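Engineer: Chain by chain, the residues:
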Amino acid sequence: MPTNKLYEGVSDWLQSAVETLSAAGMTVIAPTQGEPGVVNLTRVTSAEAIAERYDNTLLPLKGQFFPITETLLEFERCEDGDVEIQTEPLPAPDEVIVLGCRPCDAAAMGTMDKVFQWDYDDVRYRARRDRATLVAFACTTPSPECFCTSVGGSPHGDEGSDVLVFGLGGDDSGGRVLLKVNTDKGRQFIDRLGDRVRPASEGVQPPSPPELARRFDTDAVKAWLDEGFDSDFWQQMALSCLGCGACSFLCPTCHCFDIVDEATWNRGQRRRNWDCCSFSLFTLHASGHNPRPEQFSRCRQRIMHKFKYFPERFGRIACVGCGRCIRACAAGRSLAEVLTEVDARQKG
Amino acid sequence: MSRAMPNVPATTDDHALIPMDYTSSKMRIASIVDETSDVKTFRLTFCDEQEGEAFDYRAGQFGLYSVFGAGEATFCIASSPTRKGYMECSVKRAGKVTGELHQCNVGDIVGFRGPYGNWFPIDLMKGKNLVFVGGGIGLAPLRSLIWNCLDLRDQFGEIAIVYGARSVSDLVYKEELETWRQMEDVSTVLTVDPGGETPEWEGEVGFVPTVLEEANPSADNAIVITCGPPIMIKFVMMSLEKLGFGHEGIYTTLENRMKCGIGKCGRCNVGNLYVCKDGPVFSYSQLQELPQEF
Numbered sequence: 001m002p003t004n005k006l007y008e009g010v011s012d013w014l015q016s017a018v019e020t021l022s023a024a025g026m027t028v029i030a031p032t033q034g035e036p037g038v039v040n041l042t043r044v045t046s047a048e049a050i051a052e053r054y055d056n057t058l059l060p061l062k063g064q065f066f067p068i069t070e071t072l073l074e075f076e077r078c079e080d081g082d083v084e085i086q087t088e089p090l091p092a093p094d095e096v097i098v099l100g101c102r103p104c105d106a107a108a109m110g111t112m113d114k115v116f117q118w119d120y121d122d123v124r125y126r127a128r129r130d131r132a133t134l135v136a137f138a139c140t141t142p143s144p145e146c147f148c149t150s151v152g153g154s155p156h157g158d159e160g161s162d163v164l165v166f167g168l169g170g171d172d173s174g175g176r177v178l179l180k181v182n183t184d185k186g187r188q189f190i191d192r193l194g195d196r197v198r199p200a201s202e203g204v205q206p207p208s209p210p211e212l213a214r215r216f217d218t219d220a221v222k223a224w225l226d227e228g229f230d231s232d233f234w235q236q237m238a239l240s241c242l243g244c245g246a247c248s249f250l251c252p253t254c255h256c257f258d259i260v261d262e263a264t265w266n267r268g269q270r271r272r273n274w275d276c277c278s279f280s281l282f283t284l285h286a287s288g289h290n291p292r293p294e295q296f297s298r299c300r301q302r303i304m305h306k307f308k309y310f311p312e313r314f315g316r317i318a319c320v321g322c323g324r325c326i327r328a329c330a331a332g333r334s335l336a337e338v339l340t341e342v343d344a345r346q347k348g
Numbered sequence: 001m002s003r004a005m006p007n008v009p010a011t012t013d014d015h016a017l018i019p020m021d022y023t024s025s026k027m028r029i030a031s032i033v034d035e036t037s038d039v040k041t042f043r044l045t046f047c048d049e050q051e052g053e054a055f056d057y058r059a060g061q062f063g064l065y066s067v068f069g070a071g072e073a074t075f076c077i078a079s080s081p082t083r084k085g086y087m088e089c090s091v092k093r094a095g096k097v098t099g100e101l102h103q104c105n106v107g108d109i110v111g112f113r114g115p116y117g118n119w120f121p122i123d124l125m126k127g128k129n130l131v132f133v134g135g136g137i138g139l140a141p142l143r144s145l146i147w148n149c150l151d152l153r154d155q156f157g158e159i160a161i162v163y164g165a166r167s168v169s170d171l172v173y174k175e176e177l178e179t180w181r182q183m184e185d186v187s188t189v190l191t192v193d194p195g196g197e198t199p200e201w202e203g204e205v206g207f208v209p210t211v212l213e214e215a216n217p218s219a220d221n222a223i224v225i226t227c228g229p230p231i232m233i234k235f236v237m238m239s240l241e242k243l244g245f246g247h248e249g250i251y252t253t254l255e256n257r258m259k260c261g262i263g264k265c266g267r268c269n270v271g272n273l274y275v276c277k278d279g280p281v282f283s284y285s286q287l288q289e290l291p292q293e294f
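Listed in order, the protein sequences are those of chains A and B. Each residue of the first sequence is one higher than the one before, counting from 1 in UniProt numbering. Each residue of the second sequence is one higher than the one before, counting from 1 in UniProt numbering.
So that you can see chain A by itself, here it is in the shape it has in the complex (with noise of 0.2 Å):
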């Protein structure tokens, strides 16, 4: 069967995928509002939990395939002095939709594919990948601070999601929509939903996205980039850097992590925590030296990382432009500022 195939959906389609979904013993997430403000992907039994607007989630989509703490290991000294080591058992195989990440969220997945799936396997960032279907809703309002088009996304991209949603009725989904099938896994998706999704009718094409305009180049970014290292730019962008994590931790595609043992007494776990570049203590030896000393170091690390680093490394840029960077960060810094300076010089 091809992809990229079109389906209309009938206006309680996403109450009804849910319902089927949960039923057939699949998780659903999707996003929910807790605090007020605050919407996140959890899990849900039901379509009403769903918000229905929403610019983005607080929390990156990543968290669910490489989650803020993790279990690697379990030990025990025993009383003979051996020690007992239980490896975590890989997540349960059970299918998991995500029903609602944005477009730029899912693009990002590309990017933290490549870095836990190449030389060594990660097992577990695997299983949790393999067993989930993405289905992301396009998104109808950019919120000021996106920038997904200056990193070749788009509000409508259709980049590692499996279906992607086009709110048809002015909203985001709740009303009649069109599904675009991206992936064979999208396909079966769309044959569950039954009688709740039909081929779209002759003709019918996805909306035109949302204007937002392009604020830098990537490609002058990266030019700049290779000669800028010992540049004065990075004193001058850093100083209102707080050195928080913040940015690092809502991003998306930013995947630094730690291993770290907990334990009490005769017993612990070995687990993995999100990390970041940004932090002082990241790089810094055993023997007091740190080879990025100064918070400047850290935030020019941040920025060729990811727009120079990796792309050398890895052939992509390690942004989507979802803007949580900027809304997050408490000394209202902005890395589309910084980019777009950056093209500036380059230009200039």
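If you're looking for bench data, these hints aren't it; they were derived computationally from the structure. Take the hints with a grain of salt, since some may be wrong.
Claimed, not checked - Listed next, with one range per pair, are the computed distances between beta-carbon atoms:
no., chain 1, residue 1, chain 2, residue 2, range
1, B, 33, A, 76, 25 to 35 Å
2, A, 281, B, 231, 36 to 46 Å
3, B, 37, A, 78, 26 to 36 Å
4, B, 33, A, 38, 28 to 38 Å
5, B, 33, A, 281, 48 to 58 Å
6, A, 79, B, 23, 16 to 26 Å
7, A, 34, B, 19, 31 to 41 Å
8, B, 292, A, 348, 47 to 57 Å
9, A, 281, B, 151, 35 to 45 Å
10, A, 68, B, 289, 29 to 39 Å
Claimed, not checked - Just so you have them, the derived chain A footprint on chain B, three or more residues with Cβ under 8 Å:
no., segment
11, 17-25
12, 119-133
13, 269-277
These numbers were taken from a predicted model, which means no experiment stands behind them. Every residue gets a Cβ at the ideal spot worked out from N, C-alpha and C, and that includes glycine.
Starting from the known structure of chain A, fit chain B onto it as the hints suggest.
Structural biologist: Here is chain B on its own, set in the frame of chain A:
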């Protein structure tokens, strides 16, 4: 792309993905040697005999060692792959994991995963004169390679070792230094920093780069392998240039902080390279192309 660099064994993309669950093997501490007041060498054997028999590595590779409850830390493998049945690591007490390791006794069980990373280009070194330049605990990775070469002595030309520490009591592997000093086919120069000597000290007094220049090893058909504190490496490189050594023939091993060891956790990155995957062994010419963040 600058990551395709000469003289470094390929570590990527030429084989199937290796499944990774971050679990550790159990190893028993077979013996402990107090090298200095804050450095101990641990000899480890695999608890699972089959695992021990299957275990293989090359000089220059590293592993993630753990004390269960304290966490993991990265150290090079300090013993030679030519010596089978055990593995050794030398650990300077500096933080949480190393502190806990220093509390361990013979018979205690620790964790290990590895070996990871590339290795010294021993195949390129065959038939060449070798100059080893070490400082402090930086002798540990060199020791693996030195014994590797000494165990295959007839495959290499002249072997020179220049090693120094802050003081006499900070010299590691003291018995082996004496063994090397007495070997007729190895030229060993030992030194301590000015002020670090004792009345009985028979070696040199002076910083490693100065002593290296005085030793004046020939650059002809030679390869240098150096490891030590970053500041020592910097001045050793300048001395080697004075002595006429080309950048291509100088190798060192970087000790950036690591958590995963397999190119995922993002901690050891220098430019577009992962020290854990593309290193830890680098030629001096490679290092010069990198951002100076190591």
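Engineer: Looking back at the numbered hints, which does the structure fail to meet, lowest number first?
Structural biologist: Per hint list: 2, 4, 5, 8, 12 violated.
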